[in-house]
Every structure is written in C-alpha cells, then in structure tokens.
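So you can see what is in the structure, the chains are spelled out below.
2 protein chains.
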Amino acid sequence: MQISIVCQPGADATHWCALYLKGARAEAKRKGDTLALLSLDDALARFRTEKPTCAAILSTSRAWTANAADTLSAVGVEPVIIGGASRDNYRHASYVYMDYREATYQLIEYLRRYERGRIALFAVSTDSATDMIKKDAFLSYDRCRERDVFYYTGADGLMNATCKKFLEVCRNYDAVICANDAGAVILMHQLTAAGVRIPEDLFLCTFGDMAISTCGSKSLTMARLNCPEIGKQTVAMCRLLTASENISGISTKIRCELIIGDTTASLPIVEKTLGTVHLPSAGAGGFHNDPSVSRIFQAEKILSACDAIDIDLLKLIIKGYRYFDIAEILHVSESTIKYRLKRIISISGFETRDEVIDVMKVFLS
Amino acid sequence: MQISIVCQPGADATHWCALYLKGARAEAKRKGDTLALLSLDDALARFRTEKPTCAAILSTSRAWTANAADTLSAVGVEPVIIGGASRDNYRHASYVYMDYREATYQLIEYLRRYERGRIALFAVSTDSATDMIKKDAFLSYDRCRERDVFYYTGADGLMNATCKKFLEVCRNYDAVICANDAGAVILMHQLTAAGVRIPEDLFLCTFGDMAISTCGSKSLTMARLNCPEIGKQTVAMCRLLTASENISGISTKIRCELIIGDTTASLPIVEKTLGTVHLPSAGAGGFHNDPSVSRIFQAEKILSACDAIDIDLLKLIIKGYRYFDIAEILHVSESTIKYRLKRIISISGFETRDEVIDVMKVFLS
Chain V
1 MQISIVCQPG ADATHWCALY LKGARAEAKR KGDTLALLSL DDALARFRTE KPTCAAILST
61 SRAWTANAAD TLSAVGVEPV IIGGASRDNY RHASYVYMDY REATYQLIEY LRRYERGRIA
121 LFAVSTDSAT DMIKKDAFLS YDRCRERDVF YYTGADGLMN ATCKKFLEVC RNYDAVICAN
181 DAGAVILMHQ LTAAGVRIPE DLFLCTFGDM AISTCGSKSL TMARLNCPEI GKQTVAMCRL
241 LTASENISGI STKIRCELII GDTTASLPIV EKTLGTVHLP SAGAGGFHND PSVSRIFQAE
301 KILSACDAID IDLLKLIIKG YRYFDIAEIL HVSESTIKYR LKRIISISGF ETRDEVIDVM
361 KVFLS
Chain X
1 MQISIVCQPG ADATHWCALY LKGARAEAKR KGDTLALLSL DDALARFRTE KPTCAAILST
61 SRAWTANAAD TLSAVGVEPV IIGGASRDNY RHASYVYMDY REATYQLIEY LRRYERGRIA
121 LFAVSTDSAT DMIKKDAFLS YDRCRERDVF YYTGADGLMN ATCKKFLEVC RNYDAVICAN
181 DAGAVILMHQ LTAAGVRIPE DLFLCTFGDM AISTCGSKSL TMARLNCPEI GKQTVAMCRL
241 LTASENISGI STKIRCELII GDTTASLPIV EKTLGTVHLP SAGAGGFHND PSVSRIFQAE
301 KILSACDAID IDLLKLIIKG YRYFDIAEIL HVSESTIKYR LKRIISISGF ETRDEVIDVM
361 KVFLS
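Going down the list, the protein sequences come from chains V and X. The first sequence lines up with residues 1 to 365 when you count with the numbering used here. The second sequence lines up with residues 1 to 365 when you count with the numbering used here.
In isolation and in its complexed conformation, chain V is listed as follows (with noise of 0.2 Å):
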C-alpha cells in the first residue's frame, strides 16, 4: 500500500524527524509498502482524487501540526500524529510517540534514590508536544512545581538565556532534567563554567539519543529515545488503520530506555568551558534556529556518520597533534587519516577543517 507522510516544510531534516523518517523507511520497505512525502498543499490535491483513510504527520511545531491534523480530519482523512501528543488535542488523530510520562517518571525515581529530590525541568518548550507531556508527568509528581519548570520560550529564544536563567538560581537544586540533550549538552558546558560541578554539586539527566551525549569527556545519563522505532510503527499504524474500518484512533507508545552515564554518578571533574558561538542567528525564534543550538546539531551530524576511529582522530587533532603522530598513535597511515578527514568535512557540510575542528572541539575535549 501506499502511506502519506504529509510534511511541516524542512522538518524532515530536523535530527529527529529525520530519524522518525529512517525508521518508517525501514518499515516500508519491509513490507513492500511505498511511502510518499507530501507538503500539505500536494496531499490536499492528491486527497481530492484519491483519498487514504489515513496520513501520518510529520512536524517540529505543536502549531503547524495542530493546523494539519484538522485540515485533514475535514477532508476525512484521519491524522495520524508522528512522535506527537499524547494529550487529546485534536477530536480525530491518532498518535505514536515515545512514553515520556513514563521516561520522566523513572528519571524523578532514579534521582530521587540518590536523595537528589530537588528537582527542576530544563529547556521546555511550550511548542513542542512531547516537552508538554513531560512537563506534565514532572507537575503530577509529588513535591514537583510549576516554579521548578524552566521554559525554553521568551523574548529572544536562545537556549543560553534559558541556560542563564537557570544559573541564576541552580544553587536551590540538586538535578535537574533536560527536555531534550541538545539543551542538556549547552547547560552542561555553562554550568560547569560557573563552577558548578557536575555530578557532585547537580546531578544532570535528560531525554535523549544524539551521539554527543556519550562522545563527549563526561557521558549524560538519559533516558534514551528510539525515534526509528516510532517511525516503524506509525507505518505499521497506518496499515492497522487502513485495514480495520472499525477503528476510530490508536495510540502507541515507545518505551524509553534509563541509560546511566557520568553526569549523575559521582566522579571526579574536569572542568571545561563552551567557546564563544560565533554563528550567524538563522532567523527568528524556533528551537532549531537556535545558534546554540544548530551548533549541537552541526556536531551531532559529523559525530553520528564518525566510528571510533574518526572520533580517536579528531580528538587526537583537537589537542593538537600532527598526522604523523596520529598515524603512530592510531596505527594508521597518514593518506588514511587525510582520507578520513575528507570524508567528515564532507559530511559537516563545511568547507575547511578548521571549522569542522572549531564545532568539535567543546564537545569532544
């Protein structure tokens, strides 16, 4: 069969959109199911002719997606939410989604073992869905505030105002939960340029997946997102969909998996600071324009197409080693390593070296 994927404009290269879409590719592909993505425009034409008695949605925004889900339900199309809401928004939508509520329960316990009960919510972001349900779960729990919520929202929308803001009063906590590991991993570099240290003064956990979470020197405890697993069912949900007329909406949950690294164990610190961001701003407002931001992705990119090896390497060329002593420590040629470098850079999307090392350098000294 075929399935829709009607498309926010530039979502479907946002990191986990982009995984969303890798994981239904997969599934498609498996079951010899075609996948069409669609901007909303093009599905209303095609629709008018053939209409799918359902169309998953794929977007960033809480906005855009809300606009789509009842554009489609109009035309008698039901919406299927991808990574979406778990919250009934919308009168007709089904929904596939990480179990955040769950994942943000088990974060609240874990720290709360550790007598780490004075909990804030980092970097939340009232146009996301998915930070809605966490904010959600965190409020419902016992000794939880609306005041120990720190939105990702305001005047400028810059993650390192948000970072600043929580700064100000981080000494009344003892851990706090990142919304996302983008966030997690900027708090992380400015907290511990203040000082603060990390684990031993503030436990620092997140929901994640991004490879700069565990490529950096201090791994982030997190609770682990399997995007690809909630593109694979949202194929399988629209297969359910087509085929049982007697079903009016379903929702599926993914479960997140409590990964534990350095920044809530108690180990010895090394502190570091985040470079100045010299980026120019991509435009207005938006988590993903974001300069602070776009830079954790811009790492994320060249970190997720690198293996052991390209890491090794630029960590080795970060301290500030030549080729020729990579090539010893490594055991690897120097053609082998300029091979390398290429490669990255042409990933990065940069030009030079240079810049590619200057992105890397504060996550991965």
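No lab work stands behind these hints, which were simulated from the structure alone. These numbers were taken from a predicted model, which means no experiment stands behind them.
Copies of the same chain look alike in the list, so a pair counts if it fits in one copy or across any two.
Straight-line Cα separation of at most 25 Å, SDA-like style, residue types lysine to any residue; simulated pairs:
#1 LYS51 - GLU257
#2 LYS51 - GLU102
#3 LYS29 - LEU241
#4 LYS319 - ILE357
#5 LYS51 - LEU258
#6 LYS51 - GLN106
#7 LYS319 - LYS338
#8 LYS315 - GLU334
#9 LYS29 - SER244
#10 LYS29 - THR242
#11 LYS361 - ASP325
#12 LYS31 - ASN246
#13 LYS51 - ARG255
#14 LYS22 - ARG46
Here the structure of chain V is known, so what remains is to put chain X in place on it, guided by the hints.
What follows is chain X alone, placed relative to chain V:
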C-alpha cells in the same frame, strides 16, 4: 499463544462483558490462540511460574480495575484494560475502548442540528470509567454544565430514584443523552408515564447496543456500541504487545455508529407506563444489581435470542390472543408456537410462561 484475561468475579456474565468475551473468543479462535479466564488470585499464582508480557482485565468496576491493574503492574505484567478508560489513570496500562468522546460529540451535534440545545446527561455512574469519558466530553462542550449531569449514585443507587430526580427538572431540557440503554429504556417509560412526550417535548438518545432498544414500540436514537470488536482488538493488542518489546502501551478506540430512531424523530406518540417492579433486590448497590436495571437485562437476554417470529409471538400473547389465533396470524402450527415458547422460557431462566410475559410486556406492548 495463550491470552490471559483476569476477570472480576461475575463480570463475565454481565451484558457488555459477555459481548467483549464473545469477540475475544472469536478472534482467538481465528488466530489459533487459547484464551484463559482467570481470577486475580489464580492469575498471580500462575504468573509466578510463567509470566506473560501482558494480561487483559475484564471488570465492570473502575475500582476493581484500578486494583487489578496495579497488582499486575507490580509483578511486571502489562495490564490491558478491556472497555476501560481513556484517561491515564494507571501508570502502566493499555486500553481498548469505545470512542465515547467522539460519540458524545456526535450526539450533541446531532441534537443541536435540530435546535435541541438544552441537553442533560443522564445516569452517569462515577464507578464507570466509560461514563467518566462521556461526562468529560460532555462538559468540554460549549454550554454543557456540571449541573446538567445526572449521576447514577446516591443513598440507594436505584435507577428509579435517578429517573425521579431528572423528572423533577426535565422541563428545563429539550434533550437528554443517557449513559446507557438500560437507563434509557427505564427513563423513557417513566417520562412517558409522567406525560412527557418523546420526542415532541424531549429528544432522548443513548449509548447502547441492546436488542431491547430497537424492539419496543419506540426505537432509541443511539451511539451504537460495537462490543465484540473491543474483544477482538483486545486479542490483537495482546499479540502486538507480546511481539514488540519496544511498545510500552497502546490505546485503541473503537468507532461508535450513530443510529437514528423514533426517540428523536417527530412521530406521533402512544403513551405507556412501566409496570411495577416486583423483583427482589439482588444485594447492595451496583448498577447491575439495580432491580429495574436487572429487569432490562432479563428482557435483553430473551430478546437477543429471539428471531422476528418469536418477537411477533410474544407481542400477540401480550395482546391476549389465543394460540389458535396466533397460529393463523403467523402461519405456523400450534405445536410450533408451543415449541418456540418452551425454548424462550428455557433461555430466560424463568420457570413459567407468565413470568416471561410479565417481564416482556413493558417492553413489547
């Protein structure tokens, strides 16, 4: 595979649960699965040696369900609530239930289309998870208020008392939505006895699926439940949960169909009264033990086993015709009539023809 259903004592014999089970048994048979109906204690004993991924819960009580869900979760078995709540009451649970929210909206919108905007919601039981969904949906609608909800609770918990409460203020309304068709049938009789004309003075509609709703002189407008489909999807869900360890929970909503009957159409009315109820009270409280509700279910049990000839036969006996005349009208022999009556009596669980007729006459005359 083996599918375990943990059952509240006696629940499997109640009207709706029996239909869920019917659907579940048919689907299990189709898939080659076996279905084990267990008490909570038996389930716990069995799961000590052989733990399934999930077990379904069959219960008419919200409180019983909550306890069973907690108990199963505690031993690491995912509870699948059959016909249960949509609200996230339980931390770990999957749900298969009718889409009562959407059905409530459809009933309200249908009534408003006919300019019946002053709507009451009748016989809502606070111990019923499904009634709570109807209530939530009702109150989320513009101009529907808490004071328009008539609860099936109170000192005696009798449906007749609930009817009386509504009768006192029914002139304030031009439409009533009943939480279930047992309540709807009782209310309809009492309203008619009190001189309220249906549908002229009051549109009446309900959630339901009983044969009794369509066999009376006035068929009920209803959001028709598809209970066997709930059982079927429960089996499908247990299979899915067992197969996919990455899924932490699923909610499946089953579509209700809107059936338009006489109680919202502008037809002439024949008044009739509900006969005095002589059944002994079947113990303390509870919807299924309510004398007037039991009577409805007795009639339902008989009606759902009757074909068109049986129903005509009963109607003619109620009208006082002799077997000789009935035989001529229905073009059957007198021995066929006796044979059919014997079968009906045996299904009813009563001893005599007169007991059967006594129950049926209020619904078939």
